[in-house]
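Number of protein chains: 2
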Amino acid sequence: MYIHQVAAYLPAHVITNKHFTHLNGLSHEWIIERTGIRERRKAAKGENTNTMAIDATERVLAAAPQFPATDVDLIVGATYTPHDTIYTLAHAVQRAIGVPDIPVVSISSACSSLLNAIEIVEGYFAMGKARRALVVVSEHNTAYNNEHDTVAGHLWGDGAAALLISKDRLAPTDLRMVDLITAGAGGVGKADVAVTLKPVEKGIVMPFGKDVFLNACQYMANVTRKILERNQLAVTDLDWLIPHQANLRITRNVLQALDLPEERAVSNIERLGNTGCAGAAIALADQLDQIKPGERVVITVFGGGYSYGAMLLER
Amino acid sequence: MYIHQVAAYLPAHVITNKHFTHLNGLSHEWIIERTGIRERRKAAKGENTNTMAIDATERVLAAAPQFPATDVDLIVGATYTPHDTIYTLAHAVQRAIGVPDIPVVSISSACSSLLNAIEIVEGYFAMGKARRALVVVSEHNTAYNNEHDTVAGHLWGDGAAALLISKDRLAPTDLRMVDLITAGAGGVGKADVAVTLKPVEKGIVMPFGKDVFLNACQYMANVTRKILERNQLAVTDLDWLIPHQANLRITRNVLQALDLPEERAVSNIERLGNTGCAGAAIALADQLDQIKPGERVVITVFGGGYSYGAMLLER
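Heads up: the sequence lines are chains A and B, in that order.
The first sequence: position 211 = 211 (full-length UniProt numbering), numbered continuously.
The second sequence: position 68 = 68 (full-length UniProt numbering), numbered continuously.
Take these hints with a grain of salt, some might be off.
You can't tell identical chains apart in this list, so a pair holds if it fits in one copy or across any two.
As a list, the in silico DSS-like pairs of lysine-lysine whose alpha-carbon atoms are at most 30 Å apart [to be verified]:
hint, residue 1, residue 2
1, K202, K45
2, K190, K129
3, K18, K210
4, K45, K190
5, K190, K210
6, K129, K167
7, K190, K226
8, K167, K226
9, K226, K210
10, K226, K292
11, K45, K18
12, K292, K167
Since the hints were derived computationally from the structure, they do not count as laboratory data.
Given the structure is predicted, the values throughout are model-derived calculations rather than measurements.
Please take these sequences and the hints and turn them into a complete structure.
Here is the structure:
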């Protein structure tokens with residue numbers, strides 16, 4: 001299967017660290033030192049997970065004349081910050097593009113959902129029940145975030161991305177999906193309490209950030225090694241690493257564990273914060289034109305709850 | 001693929017129609033006439049989507065000595081009433097059964113998620129990435145329901161079910177999955193507004209129940225006909241119909257459209273209300289021992305948002 005096109009949607013409104021200095025007394029330097037984040041986006045009034053998903057979808061379709069909306073035969077949406085758990089982002093996207101009677105589902109395995117969504121597509125392709133899928137990842141973190149939370153309130157940003165995935169190669173520039181691993185790690189460490197979003201009780205909280213940090217570093221490095229090894233590749237064969245965009249210190253830690261130079265990593269944390277399951281897809285959209293023929297990319301993710309994964313792509 | 005075992009978990013606390021007579025002035029007779037519902041269950045304090053999912057999982061595993069927890073290599077959870085969108089019900093179940101490093105994901109296409117979850121399993125089996133799946137459907141409707149809502153407050157109940165699904169037949173009593181159709185209908189009618197659960201704004205509301213009713217009747221009857229026809233079967237070849245348990249009037253309408261006698265339908269609405277995506281699975285758990293060798297079952301669902309599906313099983 002092939003990733004034919006990727007596009008992102010980001011809300012216009014920028015929230016700088018000054019906002020949190022004013023609100024919570026956290027200095028710009030302190031936030032940068034701990035997270036790498038300089039600014040993040042915030043959805044406007046009237047924007048939400050569903051509208052951002054539709055915006056990203058419109059952009060990806062506009063960039064893909066070979067993949068018209070009418071060809072879409074499967075939609076998988078992903079979010080842990082739902083606008084509506086019944087009229088989900090995937091259903092909103094279906095309504096927007098107007099393709100009836102195709103499988104449509106929304107998923108969550110938190111920040112790692114991008115790879116779960118793509119693996120579900122892989123399954124539909126394997127069954128012969130779809131050939132042209134639209135994957136949409138969208139997070140409205142600010143709808144569930146408490147800005148006054150001095151522990152994690154400054155981490156989150158909003159954004160969305162959409163990917164067009166085809167069973168067959170449509171263009172020479174398509175990224176071939178060589179391999180994909182996903183897994184839950186719900187039994188590990190403080191997975192049940194470290195970072196949670198209980199809509200009825202409260203929004204996103206991260207009372208055990210250290211447990212998340214340590215596991216994110218370890219799992220993303222290990223699963224990257226695993227996917228390379230089982231494809232007879234070494235870390236030196238890897239041209240680009242796109243980790244989940246949670247925190248620049250996590251990214252640097254993963255790079256160090258893999259002995260990869262910093263310029264091989266794709267990062268948007270500095271200007272977008274943690275955009276959840278959309279982060280790695282937004283980074284792929286940004287990087288797409290820089291990936292040269294023959295180059296290899298690993299997208300590796302780690303999510304609260306916990307879960308992890310890695311996908312190996314080749315142009 | 002085969003459904004090896006199914007079990008349900010229902011909270012102990014029963015809410016009768018009297019509760020809504022007292023609260024909203026709705027009489028027992030009026031509620032029965034409009035919905036068929038006599039009573040529904042309500043999760044106790046401390047119970048939620050995740051705990052009920054674990055309870056159902058423990059029951060299904062206890063009933064399946066041939067399918068030990070250690071064999072589970074895929075978990076798909078489903079709910080539109082999440083306790084936690086990060087530490088999802090599927091992750092909670094993974095933690096409870098203690099199987100690491102297997103794909104784990106939670107999904108929502110509202111009341112029709114059961115079939116989406118099973119279709120995702122079908123995809124993992126087709127890829128060869130799993131052979132023994134656990135599907136868990138769990139709804140904590142009362143966490144998101146406004147009991148004072150005279151339009152829909154009396155409809156909802158809590159409950160969960162778990163299914164053990166195997167690529168290969170494990171026992172002569174296993175139900176063979178003959179065929180499965182799922183589809184979104186997000187573009188149809190008032191799918192975007194008819195029934196919604198926007199966690200940040202409010203709970204479950206159903207301002208356009210008539211649109212839901214009409215589409216539920218039409219889609220469940222049509223997709224049942226479709227799955228029978230494409231398997232060269234007539235309605236008379238069908239022994240049991242398990243429709244989404246939304247409303248007894250919808251069930252009767254679907255039976256009439258299909259020209260099926262009422263005794264062919266499996267119903268738990270009277271005593272459980274609308275238990276969302278868990279409803280049809282709870283009904284299958286209840287009916288399991290009554291399905292004789294050679295008999296055929298269709299489970300058909302319709303969900304807000306909208307979405308629909310049908311699954312043909314044969315013992």
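Hint-by-hint comparison with the structure:
no. : hint        : in the structure
1   : K202 / K45  : both (20 Å within a copy, 17 Å between copies)
2   : K190 / K129 : between (38 Å within a copy, 27 Å between copies)
3   : K18 / K210  : within (25 Å within a copy, 50 Å between copies)
4   : K45 / K190  : between (35 Å within a copy, 23 Å between copies)
5   : K190 / K210 : within (10 Å within a copy, 45 Å between copies)
6   : K129 / K167 : both (11 Å within a copy, 18 Å between copies)
7   : K190 / K226 : within (24 Å within a copy, 47 Å between copies)
8   : K167 / K226 : both (25 Å within a copy, 26 Å between copies)
9   : K226 / K210 : within (24 Å within a copy, 53 Å between copies)
10  : K226 / K292 : within (24 Å within a copy, 47 Å between copies)
11  : K45 / K18   : within (21 Å within a copy, 41 Å between copies)
12  : K292 / K167 : within (21 Å within a copy, 41 Å between copies)
Of the numbered hints stated above, none is contradicted by the structure.
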